[in-house]
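J.: Assembling the complex is the task here: the two chains are given apart, and the hints tell you how they should meet.
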Amino acid sequence: MAETTLKTLILFAHPAIQKSRVNKVMAEMVWELPGVTFHDLYEAYPHFGIDIKREQGLLLEHDLVVFHHPFFWYSTPAILKEWQDLVLEHGWAYGSQGAALQGKKMLSVITTGGRESAYQPDGYNRFTIRQLLAPLEQTARLCGMEFLPPFVAHGTHRMTIDEMKGHGADYRRLLEAFRDGRVNLDRARRLSRLNADLDSIILG
Amino acid sequence: MHGQGFFFQAFVYLAAAVIAVPIAKRMGLGSVLGYVMAGVVIGPFGLGLIGEEGKDVMQFAEFGVVMMLFLIGLELQPPLLWKLRRTILGTGGLQVTVTAALVAAVGLLFGLPWPASVAIGLTLSLSSTAIVLQTLAEKGLIKTEGGQTAFSVLLFQDLAFIPMLALFPLLAGGGHGSPEGMQHAEEATHATTWVSGLPAWEQTLVVLGAVVLIVVAGRYLGRPVFRIIARTDLRELFTAAALLLVIGIALLMTQVGLSPALGTFIAGVVLADSEYRHELEGDLDPFKGLLLAVFFIAVGASVDFNLIGENPAMVGLLVFGLILLKGAILFGLGRLFHMGLDQNLLFTFALAQGGEFGFVLFSFAEQQGVIPTDITSLLVAVVATSMALTPVLMLLNERFLQPRFGTREEVEREPDAIDEESPVIMVGFGRFGSVTGRFLRANGITPTVLEYDSDQVESLRKLGLKVFYGDGSRPDLLYAAGAEQAKLIILAVDEHDRVRKILETVRTHFPHLRVLTRVVGRPEAYELLDEGVEHLYRDHVDTALRLGVDALRLLGKPAHQTHRAALTFHHHDEDSVRELGKMRHDRAAYFSAARERISSLEELMLSELTAEGEERDAGWDTESLREDFGEGSG
Chain P
0 MAETTLKTLI LFAHPAIQKS RVNKVMAEMV WELPGVTFHD LYEAYPHFGI DIKREQGLLL
60 EHDLVVFHHP FFWYSTPAIL KEWQDLVLEH GWAYGSQGAA LQGKKMLSVI TTGGRESAYQ
120 PDGYNRFTIR QLLAPLEQTA RLCGMEFLPP FVAHGTHRMT IDEMKGHGAD YRRLLEAFRD
180 GRVNLDRARR LSRLNADLDS IILG
Chain A
0 MHGQGFFFQA FVYLAAAVIA VPIAKRMGLG SVLGYVMAGV VIGPFGLGLI GEEGKDVMQF
60 AEFGVVMMLF LIGLELQPPL LWKLRRTILG TGGLQVTVTA ALVAAVGLLF GLPWPASVAI
120 GLTLSLSSTA IVLQTLAEKG LIKTEGGQTA FSVLLFQDLA FIPMLALFPL LAGGGHGSPE
180 GMQHAEEATH ATTWVSGLPA WEQTLVVLGA VVLIVVAGRY LGRPVFRIIA RTDLRELFTA
240 AALLLVIGIA LLMTQVGLSP ALGTFIAGVV LADSEYRHEL EGDLDPFKGL LLAVFFIAVG
300 ASVDFNLIGE NPAMVGLLVF GLILLKGAIL FGLGRLFHMG LDQNLLFTFA LAQGGEFGFV
360 LFSFAEQQGV IPTDITSLLV AVVATSMALT PVLMLLNERF LQPRFGTREE VEREPDAIDE
420 ESPVIMVGFG RFGSVTGRFL RANGITPTVL EYDSDQVESL RKLGLKVFYG DGSRPDLLYA
480 AGAEQAKLII LAVDEHDRVR KILETVRTHF PHLRVLTRVV GRPEAYELLD EGVEHLYRDH
540 VDTALRLGVD ALRLLGKPAH QTHRAALTFH HHDEDSVREL GKMRHDRAAY FSAARERISS
600 LEELMLSELT AEGEERDAGW DTESLREDFG EGSG
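Chains as they are written, first to last, in numbering that gives the first Met the number 0: chain P, 0 to 203; chain A, 0 to 633.
For the record, the hints were derived by calculation from the structure and aren't laboratory data.
Incorrect hints may appear among the rest.
Result set (DSBU-like, lysine-lysine): computed pairs, CA atoms no more than 30 Å apart in a straight line [said to hold, decoys possible]:
#1 P:Lys23 <-> A:Lys486
#2 A:Lys556 <-> P:Lys52
#3 P:Lys80 <-> P:Lys103
#4 P:Lys80 <-> A:Lys556
Keep in mind that this is a model prediction, so the values were computed, not measured.
Okay, chain A solo, but in the shape it has when bound (with noise of 0.2 Å):
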């Protein structure tokens, strides 16, 4: 069935996704879980409609991880990821460590010779980036302590993969034969790489200069670049820009032979700060979300159930077995670095699996003969099933052990490593809408500003101000500003059209948010009221009614009444648009209701000013008092 060319295969896994995850969700099971399962229903020992090649995919799809971290490091500013570093060396160099020196005395136990032991001892210290992050990004979890410290321990297992790879032909030669162990690493990574053959200090500048090169360009070449892409005012010019910023780091890390998911972390920092950041997530997300199913899907087609057929004692006792002693592991440490109980189970839970870059590693020791054929088939069988099995475990700790404990944590409590969404989003920061944000801001709600014109972007930054380069009627970027957890959006912006487009994606995608709108005339008001939208502010109103004010207090007239009779024109006249907006369609009416209006306005307002007719404010005055006075004592 399978091998039919390439749109079969997209057919093939777009269908096992669209049908497994609504499913999937369906039940409240996550998404990740869905795309597992849908593998496993396809693949070679399921309906079979995808074979071997499964194994291809998933190195392809795996750089979906690469741009997931890429996403991550965007979230993540210089100072936050600083405050980090204990937590990724202390906790995950104690993990990797330890781990590897459990399971390696377990294979010495078993009876299998030292180097074997270390190889997978450090091999299933490993957990599975993807599934991990995917699945707490999806619960919400990624910012709550238990979120941060997995993913502060993923990151350090991404700076031990290279590392590992470099030592197993150390393990298979039994300490000579390191430039040729180079040379089978380089293979086991597809790539030839600039640094081969190279002595060990200069490859060491050649990595440190590499990762120099990323922030030094990322600061200092990003943004004027994405600036003229920007002005050229194609999106796919943009989204193409972005990938080939992702690609071409990848590239770059694979020849100096560090990790690209690491590489693409570090350009994401140093973008985090860019006005930019919201449109390269909006503009990346798709990409991810899409290579990351492919992923999880791919490996839910690799299991290998006719192994696990074969001696399923054996799998499920290694999966257990390994299940326990990460998790046990990991528990220590939450232990040790004293976290809540709550967060710890959710920290364990997390990560007590193998990871991805475990099927890179054993087919590499399995090529430098350092471990055995039959056992990496085996270990690689368990460490698929453990990744499996992580989205049905942390479901588990949330639907079980998680009531049991009432200590779990507000994530509102939890500001540090990823920056609040703001409950505000402002579209539009020109004349109108600065004067609106820095009211909020030095009110204490700083809005998160999208700006379309490229030059006042880089101006607004230049003050300060936290403002990113975006058109505000694309559902994914207003999504990447954090329209989901927002209340309220302001749209500021002068175009009536860009108005009625932003309106009708938030009315689509983000119906709970309260809409506050300019509008630049009647006009427009009208149309947007026939929409139903209650907030209007039509430009020019306040301010010149406060030059009438003005005007009527330089002619003499006291300030106060003066004052009350602003605030009663202006009320009148919310009143008349509101009145007349519905009779707009009927000519004759309209015209007739607008006579009306503004005549009755002004008389209002006359009667107002010679104290004759109808009395506002009739209490201020003494005449009825005085005549009733007069006429009651005389």
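Isolated chain P, as found in the complex (with noise of 0.2 Å):
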């Protein structure tokens, strides 16, 4: 079974690219992939001054919209939240005449310092990365898109160049998939996170 082709906008959010270590490492692999459109956040709005017809523009072209960042307080940087206030506008992403966002598919890319163990009920930080996604997964809810589940790098800070570059590899091979309509999404949708068994989502 074949699913449609989706067209991918990446929001890529970090702060302080020249600090950080597996992000750098996973957005090389992807910032220059064809039927990929990458946006560097930080890089085109220095001063937050989100450009929201442009923005709005961007989202209306793509299919899968990405927030690729690392899990920040269990959250986003503070630029993607801000982009989050002032694209997602009431009356066109949401609200009773909002529908532009209508049927598209939103995938949250994240990397955290600690493993994956800690995120667990009885773990360290006590919830699972679902559990603390819910503020985004209803937003995409609010805005008639489908939430996926995270493409997650867990255990960052001990994490070796290989590891870095196959969760770079991973990430491709995801992202390439879903240009060509290679992911049977219905086993996508039950894994607590899509890159636990690429192999088994993936088709061809």
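T.: Next up, the structure:
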């Protein structure tokens, strides 16, 4: 069963890319990927002067919206929050008249310092990633978008270069599969995170 | 054909250079080889356009070497030179003594008497400063380890040349007749010197005094004098002063019996951290280049093909033997001082030849009767041939040997001896430029600064900034400031005409440089936009807006909103400059568009403050949400 092809918009947010290890490696794997628009928010808006019309235009042109960022304080870096506040306007993205984003898909691609075991009810962070992502999930829902299980690179504090490259390669492989309509969405929806078992959800 | 006066000579030399060098460059052979081949073609054994006077020309053109060492000195600050001391004395000293000893041993084997063998050994231990440094500089290899070591050895050879000259009469006299010998030595260097007839210890004192004089005068007199000359704003006067300096030092050195090249080198080092460094470089570089070109042509013309033709096997064997022996010693020294293989090969191939000092020493040895005439003319042919072959050898090394070793060193990793060029050149360091410059410096980028106001240069230098005197519109000066390696050029001068002149120079000579320009006002900005300058910064726009923001805040407006309003205003203003610039030639369209831009901006700002009309940042406003909720629920 072939799925439809998806045009992907990556909204990348890292306020200090020169200090980033994992996100940089991952971003480098996808920023020139054909069929994918890589949009670095801190680079585009160093003063936070987000161009709302331009951002809305970008959203309209794409089918899959990726939030790619480190998981700062169980949430997004500041500019991505500002982006949500300003771009997802009432009457455009949501509300009785707001239907611009209906049917699109949303994916969180995040990196966490802690291991996956820390994000469990009995773990250090007490909640699962999926629970902590509830605000984003509900934002997507309110805008009529489907929120997919996230892509998570856990344990960045003790990650080797090879492991980083492995996550980068997985990220790229997943986006290529979305672009070419080779992701089995039914199976994907059942995973806790998409990169837990890429082989089972990517066709061909 | 020859002997038809100065202009004909000049015509022949220049024509040969202009024709041969582009061809050689095209074939990837480098300019030195091009000049040498041109010399062979126009020389007495080629077209015969120049004759025996080639040798005199060579002596004149050796002044190019003197200038080259001055320019190299300018690039080499005293602490860096101090770092090289071990290489100069160690590697250089060993190279000269070991080569001299082994060549002398070969001479003895051939049955030559020992004085002649020693004289030949010493003479052949020297290499060609002119050919080696020019070739290295052209290939950008001076800053590598191999290049630095080659340079150090050449410097030692320069030091050793004068003592050799003094030693030859002793060799002739078998240990006595020193005063007479000195007399002859002076004849060989074309001068009766001030130190003639003085006892040895006084001579030493005079020599030391001369060096001290150069250092002290360079340090304390050089800058004020150059500043006075710079104030006259006559460029040719500055060039004249630079030439005067180099020629004066060369004369002084000859008078006290030191190598002129060494003297100017010291003067160069002394002036290396002066603000006039780039200006001096820019002024002298063409002279040096032309003189060296003439010198290389003369080397090509002086290869005696008659002699080679008479006993080709003999000359061929000697050239081969000389290069092999010198090369083996150099390679061994490289090993001894732990050079990497690729650097060692560069060093070896660079220095494995005879040098221009050889011509002087051989003719002197002949006069003194140390070496018989038939042998000196043979050896002069050998030296000239080996010099002509040097660029070929270096090319072979580069093309065929280096690619086999993957260890080729990156130039960036060798920041040692010659200071690195900055990626940013800044023209103008007044109120505007100084802020940008300090900001860049605080972030680890120290720009190379050119400033035209000599008083300003002086005071900024006192604050410890690296500022050089000069007019940024001269290509030679920009070149000296490192425009070829730089990435950006920042124009922070306020005279619009100068900005345009500099821009023109940059566009013509350094099109790879990205330009960031300060402009005074809108009309100036329009002109530069027409010329395709992307990065424009109009004076006072940012500061005026910041003042406006503070004014609104003092009136009680919220800080963050006011800050964002300033961002919007600035953005809009920049857009309008670009848009209006395009239509400014059509007056009617310009004014109507200008009116429209102004009113639309004001409307925009007003709507921001009164929350009427089109909303900006509506996501932060719950007005519509409350209405929607009200409708939905009721």
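J.: Now tell me if each hint is right for this structure.
T.: Against the structure, the hints:
1. P:Lys23 <-> A:Lys486: Holds: P:Lys23 and A:Lys486 sit about 25 Å apart, inside 30 Å.
2. A:Lys556 <-> P:Lys52: holds, 26 Å
3. P:Lys80 <-> P:Lys103: holds, 19 Å
4. P:Lys80 <-> A:Lys556: holds, 24 Å
Checked against the numbered hints given earlier, the structure satisfies every one of them.
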